[in-house]
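J.: Residue numbers (our numbering), protein chains in the order written: chain U, 118 to 269; chain C, 118 to 269; chain S, 118 to 269; chain E, 118 to 269.
There could be a bad hint or two in this list.
All copies of an identical chain are treated as equivalent in the list; a pair is satisfied when it fits inside any one copy or across any two copies.
Listed below are the simulated SDA-like cross-link pairs for lysine to any residue, each with C-alpha atoms no more than 20 Å apart in a straight line [stated by the list, open to error]:
hint, residue 1, residue 2
1, K243, T231
2, K227, V246
3, K227, F128
4, K227, L202
5, K227, R259
6, K243, R164
7, K227, S135
8, K227, L260
9, K227, G155
10, K227, A162
It is worth saying that the hints were derived from the structure and are not from the lab.
4 protein chains.
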Amino acid sequence: MSRFQPVDPDFAARIRDSFARQGAMSHLGAQMMRVEPGEVEIELAYRPEVTQQHGFFHGGVTGAIADTAGGYAAFTLIAADATMLTVEYKINLIAPADGETLIAIGRVVKPGRTLTICEIEVAAVKGGVTTICARGMQTLIRLEGRPDRPAG
Amino acid sequence: MSRFQPVDPDFAARIRDSFARQGAMSHLGAQMMRVEPGEVEIELAYRPEVTQQHGFFHGGVTGAIADTAGGYAAFTLIAADATMLTVEYKINLIAPADGETLIAIGRVVKPGRTLTICEIEVAAVKGGVTTICARGMQTLIRLEGRPDRPAG
Amino acid sequence: MSRFQPVDPDFAARIRDSFARQGAMSHLGAQMMRVEPGEVEIELAYRPEVTQQHGFFHGGVTGAIADTAGGYAAFTLIAADATMLTVEYKINLIAPADGETLIAIGRVVKPGRTLTICEIEVAAVKGGVTTICARGMQTLIRLEGRPDRPAG
Amino acid sequence: MSRFQPVDPDFAARIRDSFARQGAMSHLGAQMMRVEPGEVEIELAYRPEVTQQHGFFHGGVTGAIADTAGGYAAFTLIAADATMLTVEYKINLIAPADGETLIAIGRVVKPGRTLTICEIEVAAVKGGVTTICARGMQTLIRLEGRPDRPAG
Numbered sequence: 118m119s120r121f122q123p124v125d126p127d128f129a130a131r132i133r134d135s136f137a138r139q140g141a142m143s144h145l146g147a148q149m150m151r152v153e154p155g156e157v158e159i160e161l162a163y164r165p166e167v168t169q170q171h172g173f174f175h176g177g178v179t180g181a182i183a184d185t186a187g188g189y190a191a192f193t194l195i196a197a198d199a200t201m202l203t204v205e206y207k208i209n210l211i212a213p214a215d216g217e218t219l220i221a222i223g224r225v226v227k228p229g230r231t232l233t234i235c236e237i238e239v240a241a242v243k244g245g246v247t248t249i250c251a252r253g254m255q256t257l258i259r260l261e262g263r264p265d266r267p268a269g
Numbered sequence: 118m119s120r121f122q123p124v125d126p127d128f129a130a131r132i133r134d135s136f137a138r139q140g141a142m143s144h145l146g147a148q149m150m151r152v153e154p155g156e157v158e159i160e161l162a163y164r165p166e167v168t169q170q171h172g173f174f175h176g177g178v179t180g181a182i183a184d185t186a187g188g189y190a191a192f193t194l195i196a197a198d199a200t201m202l203t204v205e206y207k208i209n210l211i212a213p214a215d216g217e218t219l220i221a222i223g224r225v226v227k228p229g230r231t232l233t234i235c236e237i238e239v240a241a242v243k244g245g246v247t248t249i250c251a252r253g254m255q256t257l258i259r260l261e262g263r264p265d266r267p268a269g
Numbered sequence: 118m119s120r121f122q123p124v125d126p127d128f129a130a131r132i133r134d135s136f137a138r139q140g141a142m143s144h145l146g147a148q149m150m151r152v153e154p155g156e157v158e159i160e161l162a163y164r165p166e167v168t169q170q171h172g173f174f175h176g177g178v179t180g181a182i183a184d185t186a187g188g189y190a191a192f193t194l195i196a197a198d199a200t201m202l203t204v205e206y207k208i209n210l211i212a213p214a215d216g217e218t219l220i221a222i223g224r225v226v227k228p229g230r231t232l233t234i235c236e237i238e239v240a241a242v243k244g245g246v247t248t249i250c251a252r253g254m255q256t257l258i259r260l261e262g263r264p265d266r267p268a269g
Numbered sequence: 118m119s120r121f122q123p124v125d126p127d128f129a130a131r132i133r134d135s136f137a138r139q140g141a142m143s144h145l146g147a148q149m150m151r152v153e154p155g156e157v158e159i160e161l162a163y164r165p166e167v168t169q170q171h172g173f174f175h176g177g178v179t180g181a182i183a184d185t186a187g188g189y190a191a192f193t194l195i196a197a198d199a200t201m202l203t204v205e206y207k208i209n210l211i212a213p214a215d216g217e218t219l220i221a222i223g224r225v226v227k228p229g230r231t232l233t234i235c236e237i238e239v240a241a242v243k244g245g246v247t248t249i250c251a252r253g254m255q256t257l258i259r260l261e262g263r264p265d266r267p268a269g
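Just chain U, with the same shape it has in the complex:
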């Protein structure tokens, strides 16, 4: 059971729809897995298009899916007519992102009327072994009365 109670019962559909409109995530090949109140999981399969120069997952890509997982974790707890923007994020790359799959999990630490704080964690799965490769924190701001849609 989640310790958070979502305001919008249809939060999961709303979030999956928003994620599908993120051109960058589909271009990288990221997939949204679990969507629960206050927690979202994103997966990214290994391929040369997501690597840095040593052949591991790129640290910036690791940060990008972590930012997205945290952003949508915060998004699960807001009303249908609001949107959520990242204010800042900080991520420590604590082990090489080496594996077949990268799994980013965003978790709400403190939801707020204006600001929400999330923790973000990324693990690399290699041959069935899961290793945490990044940990971070993220601050988000809620914009009310601004549906999560492109302008125009």
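Starting from the known structure of chain U, arrange chains C, S and E on it as the hints suggest.
T.: What follows is chains C, S and E alone, placed relative to chain U:
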């Protein structure tokens, strides 16, 4: 004139070669522009493949090119047989990344034997107007005797 | 000339008064020096009461005066009936804080209706030589209609 | 049981001795409570000497005891002839630090040969109710062959 003196006179060629091997950067369409001692500039043209759900540049992509610019800025100051890894980065998204082009600049603040600190800044250019959209800091670690090449 | 225009012409007096009510700052011996629109400087003289175990200025104290300098830099730009709270700060300790005096400067990078972003820098002065010993970033939130006073 | 195995069996005595030499911590009134492998707890009683202008615990003081708790958590896992320095820390102040006591806990997330990553958490206790008021992350560097003593 730069206030830093590179150890490897061929640093620019080495860095452009390393950047070319970053599958993620070419997949996103990022291009390396200026490479100077302690400062590197990366450009990213707008297209749907780099956006978030409102149609702006994705915050995670903004962070990814900033991380890369800072990483290579640090890279300009090390010996040819060493490599540089990001320890952590923190980025504030201070304005919508709205424009035709995103320009990320990484600058070394403090080079060190083991750790190097960079500041990272990203600007969006729209109709000729440049707006700073992100600011951050980054810590990197130098690994000596480990050339910047994939293993094997 | 500052690039910022303060809303409250009496901002400097208001800020010096607020700083004087910070028990922690006077207990540490910190003094407010320059107060300009978007920029504030705080000084701390060396004494055993502000050290870590090696006899340098304590990193947490360095962070505390940096947080305070940044907070009041943001404070210079708000109305008289508002207050400012730190959302988060991140600081890199880039050299030993070794000297007779520590000087922390907070500068507004991006003022905002809700959030303000500052950069913070701390220098140690030793025998007339100034060395940057810390650099960081800070996010602050403005609370309107809440004067900067203790409740009750 | 801790998931970490200390290298130095006398780590707790060594850490309590080091903490006792931190002039800033005793001046603020901070006390070292639990010292376990990879985890350290520091307590600070409320008094006017540790406050900000609204009468709550000062955010910079909150950060200072969190930095100290994390630093000593990392310190528990190193050899007797080494020392540990903070590279950087980032802290989110997520609720007012309002109470009779502040409790900072530092926990090692990833110990390393050169760098160690900690998470830091601070809670305020008011009338028996404990509220998390800050969360952060910290990066530390180990210096070998440099005992934790003032030079000279």
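J.: Which numbered hints does this structure break?
T.: Checked against the structure, the hints that fail are numbers 1, 7 and 10, while the rest are satisfied.
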